[in-house]
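*Asks:* Starting from two chains that each stand alone, build the complex the way the hints lay out.
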Amino acid sequence: MSWLGMIAARLGGFFRSKRSEEELDAELRAHIEALAQKNIARGMSTEEARYAARREFGGLEQTKENYRDQRSLPFLETLLQDARYGIRMLAKTPALSAVIVAILALGIGCGTALYSLIDACLFHTAEQTYPTVQRWEAVRAYLPGQKRFVNYLSVPEIREVKELTELFEDVGAIHGDSFTLGYGEFPERILGTHVTANAITMTHVKPILGRTFRGDEDRPGGAAVVVLSYELWQRKFSRDPNICGQVIRLNSNPYTIIGVMPAHYGLWGGELWMPLQLNWSDSNRADRQNWIVAVLREGVSEQQANARLQTLSKQLEQQYSTTLPEYHDWNLSAWNIEDLVLGGVRPAFFVLAGAVGLLLLVVCANVAILLLARATSRMREIALRAVLGAGRSRILRQMLTESLLLSFAGGAFGIVIAKVCLPLLIHLIPHLWLTTEPELIQVNHAALGVACGIAGVTGVLFGLAPALQVGRQNFAETIREGGMKVSGERGGRSMRSILVVAEIALSLVVVAGAALMAQSYRRMENIDLGFRPEHVLSFQLGLPDTKYAGASQIASFFDRTVRAIEALPGAESAGVASGRPLGDRTSDLLSRDFTIEGRTAGDARGPENAIFRIVSPGYFGSMGVRLVQGRTFSEQDGANAPRTAVINEAMARQYWPAGDAIGQRIRLGAQYGRREAFATFSPDDIPLTIVGVVSDVKQIRQIDAPVRAELYVPLDQQTNPPRIMSAVVKSRLEPTDLTAAIRGAIATIDAEQPIYDVDTMDQLVADSFGPKRLTLFLLLFLAAVVLVLASVGLYATLAYSVSQRRKEIGIRMAVGAQARDIRRLVVSQGTLLALGGVAVGLAGSLALTRLMQSLLYNLSASDPLTLLCVAMTLVGVALLASYVPARRAMSVDPMSALRSE
Amino acid sequence: MAPPRGEVLPGTLDLIVLKTLDVLGPLHGYGIAVRIQQVSEDLLKLNQGTLYPALLRLEQRGWISSKFGVSENNRKAKFYSLTRSGRKQLAAEAASWERMSALMARLLEGVERA
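Protein chains in written order, with our numbering: chain A, 86 to 986; chain B, 18 to 131.
Here chain B stands alone, though its shape is the one from the complex (with noise of 0.2 Å):
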């Protein structure tokens, strides 16, 4: 049986968006959503609908920009890339993220061996 699909964290898919732009650069939003796709391997439910709001949400915040561009297969798009503010706010996320994971895994480690 395939493992079942999570659905997304609250909060968690600002980091998601703001790593992806991290680690691939200036994107367009389709490709956001096929790389968080490829990443997850499936195992994440996003409707991709839900991507846009997010991504004006960290416009707005001023953590990413956007401007227009020419996608692969000649179309305009608009295309996101991190912000100066943005990278800081993703170190800051990360670490806090990191935090939490490790203090969730010896959390339920201890409920393991108990």
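Only chain A is shown next, with the shape it has when bound in the complex (with noise of 0.2 Å):
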């Protein structure tokens, strides 16, 4: 029988004690029984044969302790036992026992579920499911002239790209794109991409069910077949495990499905995949309408990828730059798909993380700090039990199962608060800034296992540190002065007043963060916006090509839309744009090249470039754009009125700085950004005339960027007007109650079009402080937890060290002191002790606050006024925690003081 076994059979020892015991008993008393009637019949007396019988067995009680401690484990049982005193003990400090689980809890609890957040959306988007997922790339180019990224690059670049066969395994192509799903109740938009055959297969990850693309079907006139996502077939076809050769319409187009990829292989984008066919013999360079994606070799960096890829640029440059400006300076490089995803958002998680790391060492200080003094206070009985023989061990072991009785308390709530506060983060977060879904956050296993072994581990040393103190005294004289003075009592103060600092300096740097997040916030929310978001409603319709083939086709859609949306009562007025403001990241905004008759073309950085934005003339009142100078559109720039445009205040700042932009005239050049915005791309040579100038209205997603130069030209004036525009209407009412009324306007237009992404524009404008509210409101959190904690360490150790100098006190009040200065002894205790915290605290912030530099809206990380006030606030919480215990020094009866000794 093996150990295990042994173990089990004493471990079942352990647990029917009761009744074994019973028996066991019976069966020593027949043994000795039968010994005495051996002895009787032998002709001994009664007496003297019990008497014989007995030595002849040996000692009974003996014997049954031996027998105890072979059934079972003497160390469980005395565990148990200390376990039960422990409880008793802990029980006699109800209100200490109780603030020390709490803290532990807390600390463990929200520090969890705060890490688990932080981490699933930061260190485990993907690589679960995608083992290659660290070489996934997309490459974009950079062009200094218009200082941005773009991210749609045209066949030949992408050919050239594909020939670095030493940099790449595979480059493929794709573009997103949207289609109405005819299929269910009601057709509904469905973000899909375009994807060349190897784009799927280079990621390694399989369909579930059937197959990816082939060879031939990204090639033109390839079949029309699509994979569905997880998601999707989840979604609209529960499941149906005999879906692959059934077709759909997408567009009115059939499509035939093929395969189903695994769940949450969001790759690229989107809810379904086809294939990009593309023709690889293209030439034109201007005509870019494709993402580059690739795998980088294993064993090659992104540095040495980018450094090739410059090289290329240059060369392009060199061949090419006299024809397209575009190439001049430019850079080819690759792009991190983890950093795509993930870009906006890094700094504000690395922050809160930092934030939660703080928390938890507050939390160590704040329960060492309470187990220090809760400990020294029973030094008196610690010393009565040695004297009384327990053994060093004895009551270390003591010690040690009541720490863990209070870190396993602090561990086991601590785990209900973390699955009860993970859900609730979650529901108050935004969904667009989880960086994953929210099903997949989950609480984190091992960041739990770590917060609770931290808070063990801190539990046990400074629960065993006055213990170990007990085998270096002299216990009577412990005893004899009441455990009032201890050997160990100095140490202890010294050790308490260095946590306590500790403690406070932590909780400055975190509050001060805080501080310097909400500072930075209010100056963000007082942003000049541009246009008024309030009482806007905002939606987005997306016109299949085949029922709407031509320009004059999709500016009739548009302008009855506008006309039968103006007609619902409730709705002031309406318009339509190619799309909204702080609606769109960087890459997405379509932008423009272009010339200012007069004027030389363009100078050394390349053509002049502005964010360009197609609008019908209700646009401008509708969304409360200002208007600066000259007119708005009007139904009068019509399809054959002379061509008008408007620009923003930068634009005619940077052009026309003495202010006589109206009149200008301008021509437009190539175009960039969001590639499913037009149907077809040709650009014209009618030249533009300056009709107005308008306010600077914020662009793109993050609220802070600086506003770029931007032209508006009406949409009636356009020979390729987008198929997908965003609507907005000014409201009377509260602009969602309109949402039904509208869906029912347009389906009398054409029930077949859905409406999608409907939001106020106060919720894009809440959605553009997007991260840093979330960052905001989980350090806010963070830093009101950290200073409860802080301020119950000042006043556990204060109000420890009123109850130690309780004779002192009463002496001192026995000889004359006013319960002022019994006041003023207390609290510039608690006072110092703050201060130094404070002092701590603002050096640490110093260098620590500056790695939030990137998230602060023009704000300096140390700026002075926060940090003073945050100093202040510290101080002031102190002085409120330092006087509860100065209250009680004061309240203290000398008589009785000095009488209980």
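It is possible that part of the hints are untrue.
Here are the computed lysine-lysine pairs in the BS3-like style, where the Cα-Cα straight-line distance is at most 25 Å [stated by the list, open to error]: (1) K149/A with K93/B; (2) K95/B with K105/B; (3) K177/A with K247/A; (4) K84/B with K149/A; (5) K177/A with K892/A; (6) K93/B with K123/A; (7) K321/A with K291/A; (8) K95/B with K36/B; (9) K95/B with K149/A; (10) K123/A with K95/B.
Covered by chain A, per the in silico footprint, the following chain B stretches (three or more residues, Cβ under 8 Å) [said to hold, decoys possible]: (11) 69 to 75; (12) 113 to 124.
Just some of the chain A residues that point at chain B, by a computed CB distance under 10 Å [said to hold, decoys possible]: (13) E108; (14) L109; (15) A111; (16) E112; (17) A115; (18) I117; (19) A119; (20) L120; (21) Q122; (22) K123; (23) N151; (24) Y152; (25) R153; (26) D154; (27) R156.
These are computed hints drawn from the structure, not numbers from a lab.
Yeah, the Cβ is synthetic: ideal placement off N, Cα and C, and Gly gets one too.
*Replies:* In structure tokens form, the structure reads like this:
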């Protein structure tokens, strides 16, 4: 039988002990009885026989004791005994024990919940599913003239990157698109991605059903086939296992489903994939319609890849920059997919992870302080037990058991708090800013383990510290002095002071971080948006090219839509635009090169470029864009009227600083940005006359980004109007109340036309604060927790010190000290600790908050005013925490304090 | 003078108990004690109480099993009997004991001759 079986048997014995105790007793008694009977048979008297039998048998109690030791685990029995005693001791100071458990639970729970969130979003978005994700790259170009990256590139450029086989395992092309899926009750708009066949195979992820694309399908004229995402398959097709071969209609065209990808394969965006039927022999370099995606070879670093790509950029520049000015100084570079997904939120998450770490440290310091105070006050009891014969190891074990009990309770509640907190946090965060699906965010068990471990180790260390001193003590002395002066006390006090100072310092760092964030946020809220978001509803419309083939059909649909909406009761005005403010990322913004009549075309940096927006006349009024000069568009800017344009103030300042922009003429050149907005691309050469200047409207989703030059042109004058437009409706009611009516109005024009991305502009503004608001929210939460903890720590220290100094205070009062002298005594001790902590904390803040500079808008990370306020807050909290113990010290009755000794 | 009563050699009590149960079949604690005394002709100094932790240990190892029965004088008593693995263990231990005692005998023989 193995030792394991032995332990099992012993454990069994441990739990069955009561019954088998009776059995043992009976068995042994029977044995002795039998011995006695034998002795009587030999002629002894009953008395003698009993006595002899006992002697023969040996010690009865000793036998039982040996038997019990053999039967169960004596260690476990003492442990239980320790635990029972420990619980009794902890229950003697219920408030203190509860506070320690609460602090541990709060620290472990909140820390773990926050960290799980950060971890799910920052570190594990994709690795679990895709082993090679670190090497997935997009290749993009930086155009210094426009100060921006361009993600869409042309076929010849894709070919040239594809030839760099020493860098990349494989290179493919993709572009995003959206489709109206006519399946089920109502038409739905689905985001999808056109991919070359290798764009999926190079990720080495296999479909769970069917197959992905073959080489013959991504050529012009290839089959109309589609691969579904797991999510779409589940949502629209109820996970039909026989889905492959079924035909669905996308934008009214039939497509055959050939495969389903595994869950969470959201690669390159979208819910379905179809072959990108690329004509590889296309030689038009200006026709930039696709992203380049690639997988780096193993062992090739991004730096190496970028160096090689730079060489390629230079070659292309020399060859083509005379005809293609955008090649001037341009630079191709690889962009890791994780950076692409996480770039914006990464610094925020790092700051938060750091703050969680600080929170845990504060928790540890706090628990240590409380345990030290608790243990020192028990010196007398420990000494008494030692004198009565308890071994040092036995006392250590007792203290250890108590600490572990506290840690265990803290951990258990911590797990509960983590489980409750995490869904709440996820609920509070706009999903736009979660870089992973909410259901993938689980309580991170590793983090929970680490948090519990750190808290447990702290508990054990500081629970044991006083017990370790026991060996070095003069117990008789300790007991005689009533446990008031123990030899470890001086050390204990300085240890506690150091911990309190450290704790206040750490708290100050966290509070300073939160305060800086809050200050920066306040400044951002006062940013001039350039439009009035109140009571404005916006949504998107995407017209399939099958139904809306020509410019006139597109323009007439949007025109009828605007009229239908404006006719609704409650709607004040409406308009459409090729993109809404704050709605885009930089790379998705449409922009156009242009030249100014009467000036030389561009300069050394390349052509002039401005953000480009196609709008209907009602757009400016509905969006509340301010007119600065001239006029905006009206009915008179029709298809046959002279071409006109409106510019923003930034553009007017940049090109016509004298304020004479009105009446100037410009010509448009190449266009960049979102691909799917235009049916085809063809530059036209008719000059536009600037008729108005409007306020600078925030363009991209990041609210603190500066506004670039922007150019508006009227929808009616476009030969190639976009099929995807954003509609904006100024409402007299609560804007969302109009949604149903708007859907109805559009259904009367085209019943198959879905509307999507329905948001109030207020919501878009709020979302554009997204990661910053999230960071602020979480940091404020952390700061509040930390502040409470710090004040609890300081309070505990002072309260303990007052209780230890009762006698001294009594004497002072007896010899004439006034109540306020006593108060000063306590408060000054607290203030001293607080000032020490604040000094250390300020130094720490200056060092640490610099790391969050990138999160701050228009604010220095060492902003003196903010830091001063934070320092004063902490001192204030410290004074408050000192006040209660001071009150208690003042109420000491000198007579009873002296008599009790 | 009576020969000195020997202590039970460490580790041998298990073997003695197993052998006793092997020879006599199921037996209660008292019976085992009486048998040991008989066989050793009172040469072995055995505190009968030490038998019980040993019985428990053997039972925990799975070498013997116990169940309640009725003793000769009509009392409820716990009867111990050898299990299959106990029999194997007995064989192994007896063999090893024989080897050891043969070795000791040869060694001591040499000592006497010298």
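*Asks:* Grab the minimum C-beta distance from I117/A to chain B and call the hint holds if it beats 10 Å, violated otherwise.
*Replies:* holds, 9 Å
*Asks:* Have a go at the A115/A hint: is there a Cβ in chain B nearer than 10 Å to its own Cβ?
*Replies:* holds, 6 Å
*Asks:* Would you mind confirming whether the straight-line C-alpha gap from K95/B to K149/A stays at or under 25 Å?
*Replies:* holds, 16 Å
*Asks:* Less than 10 Å between beta-carbons is the criterion; does E112/A satisfy it with respect to chain B?
*Replies:* It holds, given that the least Cβ distance between E112/A and chain B is near 5 Å, below 10 Å.
*Asks:* Should the hint that Y152/A touches chain B count as held when the rule is a Cβ pair under 10 Å?
*Replies:* Check passed: Cβ of Y152/A comes within 5 Å of chain B, closer than 10 Å.
*Asks:* Does E108/A meet its interface restraint, that is, does its C-beta lie within less than 10 Å of any C-beta in chain B?
*Replies:* The hint holds - E108/A has a Cβ within 10 Å of chain B, the shortest such distance being about 7 Å.
*Asks:* Does the alpha-carbon distance linking K84/B and K149/A stay inside the 25 Å limit?
*Replies:* Roughly 19 Å separates the two Cα atoms, so the pair holds.
*Asks:* Per the CB criterion, is L109/A less than 10 Å away from chain B?
*Replies:* This hint holds: L109/A lies near chain B, its Cβ roughly 7 Å from the closest one there, short of 10 Å.
*Asks:* Classify the hint on A119/A as holds or violated, based on whether any CB of chain B lies nearer than 10 Å to its CB.
*Replies:* holds, 4 Å
*Asks:* With the threshold set at 25 Å, check whether the alpha-carbon distance from K177/A to K892/A stays at or below it.
*Replies:* Within the cut-off at roughly 23 Å; holds.
*Asks:* Would the hint linking K177/A and K247/A be met if the CA-CA limit is 25 Å?
*Replies:* Violated: K177/A and K247/A sit about 75 Å apart, past 25 Å.
*Asks:* Assess, step by step, whether the Cα of K149/A is no farther than 25 Å from the Cα of K93/B, and give holds or violated.
*Replies:* Satisfied, since the Cα-Cα distance of roughly 19 Å is no more than 25 Å.
This entry does not satisfy hints 3, 12, going by the numbered hints stated previously.
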